Amino acid sequence: MTIKISIQTQDFNLQNEVDLLEQDNDIDGAVVTFTGRVRNKNEGLQVTALTLEHYAGMTEKSLAKIIEQAQTRWQIGRVSVIHRIGKLHIGEQIVFVGVTSMHRQDAFAAAEFIMDYLKVEAPFWKKEVTELGEKWLDAKQSDNQKAQQWES
Amino acid sequence: MIKIVFFAALREQLDCSELQIAADEVQTIGDIKTKLASKNEHWQQIFSNGALLSAINHDMVHCDASVKSGDEVAFFPPVTGG
Chain A
1 MTIKISIQTQ DFNLQNEVDL LEQDNDIDGA VVTFTGRVRN KNEGLQVTAL TLEHYAGMTE
61 KSLAKIIEQA QTRWQIGRVS VIHRIGKLHI GEQIVFVGVT SMHRQDAFAA AEFIMDYLKV
121 EAPFWKKEVT ELGEKWLDAK QSDNQKAQQW ES
Chain B
1 MIKIVFFAAL REQLDCSELQ IAADEVQTIG DIKTKLASKN EHWQQIFSNG ALLSAINHDM
61 VHCDASVKSG DEVAFFPPVT GG
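Line by line, the protein sequences are chains A and B. Going by the numbering used here, the letters in the first sequence line up with residues 1 to 152, in that order. Going by the numbering used here, the letters in the second sequence line up with residues 1 to 82, in that order.
Honestly, the hints are just simulated from the structure, not real lab data. Just so you know, these numbers come straight off a predicted model, no measurement behind them. A couple of the hints might just be wrong.
Lysine-lysine pairs mimicking BS3-like chemistry, simulated, CA-CA at most 30 Å apart [stated by the list, open to error]: (1) Lys87/A to Lys3/B; (2) Lys35/B to Lys127/A; (3) Lys3/B to Lys127/A; (4) Lys135/A to Lys35/B; (5) Lys87/A to Lys4/A; (6) Lys87/A to Lys41/A; (7) Lys135/A to Lys39/B.
Only chain B is shown next, with the shape it has when bound in the complex (with noise of 0.2 Å):
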């Protein structure tokens, strides 16, 4: 399984702050994304926003960037601190 999290404005929005997918039916970030905009129209509006950030592991990554079962996978809204 792959552990999924969001965080800050995406997760008000998507209403839900974590889920898991089963590992074989994805092969990179761009293959989640996807899987979860099939959720719904809401879903698929939301993830549509090429603005969304991604981290594998907690590093930062791209849409082609690959993962595994165990990974914790996180998407969130591009990033507001200091």
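Extracted from the complex, chain A is given alone in its bound form (with noise of 0.2 Å):
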């Protein structure tokens, strides 16, 4: 495996996605992993349940963009993306972004690039049922910086 997408309705282990960034991997000694999970609250109102959308083939070929500018940028190793669709409740896993490297440092970065563009780039959309009813998350305008403060 050097590069991993996966746009999935079930649940992803972590000690599995790890054990594939690792195994007869010896070249890299660095593992760099973020898990997102569904929050309790959002804008200060209770959220019970998220439902995420997807644009199918435009996601895969948009992460797979990510991937690629990652990977100039930095001398990384394996990359995994899983992005879940479809009901999710409180605490459920949402997405998870794996980098490795030789050192920390270029898997750090890549990860949270990966991260950031994901956010701004990837067609996903997420709708909220919260105590007063279902509703379709805005997109964050901190999120637009985030990702432009890599363009610098």
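The task is to assemble the complex, starting from two chains supplied on their own in separate frames and drawing on the hints.
This is the structure we're talking about:
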């Protein structure tokens, strides 16, 4: 495995994903992973669940492009991105980004870069179920600013 | 023909997930938006939203991007994954 991109409804097991990054990979000394989970509160409202929609085909292409950009900027080994779709409840895992590299700096930077760009470029949309009913989430300006920081 | 697809809040507001338009009627993404907006007042209001994003064949593009027959064009709100 060099690159893994998976859009799936089912949950993932963190240890299995780390194993995939490490198996038969003796050159990389660093493994950085990020896991995103469903929070119980957003903008002051109690959230009970989320529904995630995506644009099949474009999602995979857009994630592949983001990973490609990361590979040109840093010396990285394996990359794994998993994003779940469908209905998710509080505390469930939504997203996983894992990156390996020889030394930690590149893996840290690439993992953050991939996550920041996924937030603003990959076609996923969250709909929250809150105490006030269902609501599509608005994109956050802070996410755009975070991604733009990589341009300088 | 050009296939047009809509996602998320936009799909719900339009109550439409996809439609087809004749390729000889439009040259750019901007033309398609103008054409869709001309359908009625509701659609006009929705397509006047400058924050809407667009893609041709799964690549994000700007309003001046050219379209041709056989393309899949998508319109959607700013993304909120992760």
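Against the structure, the hints come out as follows:
no. : hint                : verdict
1   : Lys87/A to Lys3/B   : 28 Å, holds
2   : Lys35/B to Lys127/A : 29 Å, holds
3   : Lys3/B to Lys127/A  : 25 Å, holds
4   : Lys135/A to Lys35/B : 28 Å, holds
5   : Lys87/A to Lys4/A   : 23 Å, holds
6   : Lys87/A to Lys41/A  : 17 Å, holds
7   : Lys135/A to Lys39/B : 26 Å, holds
Of the numbered hints listed earlier, not one is contradicted by the structure.
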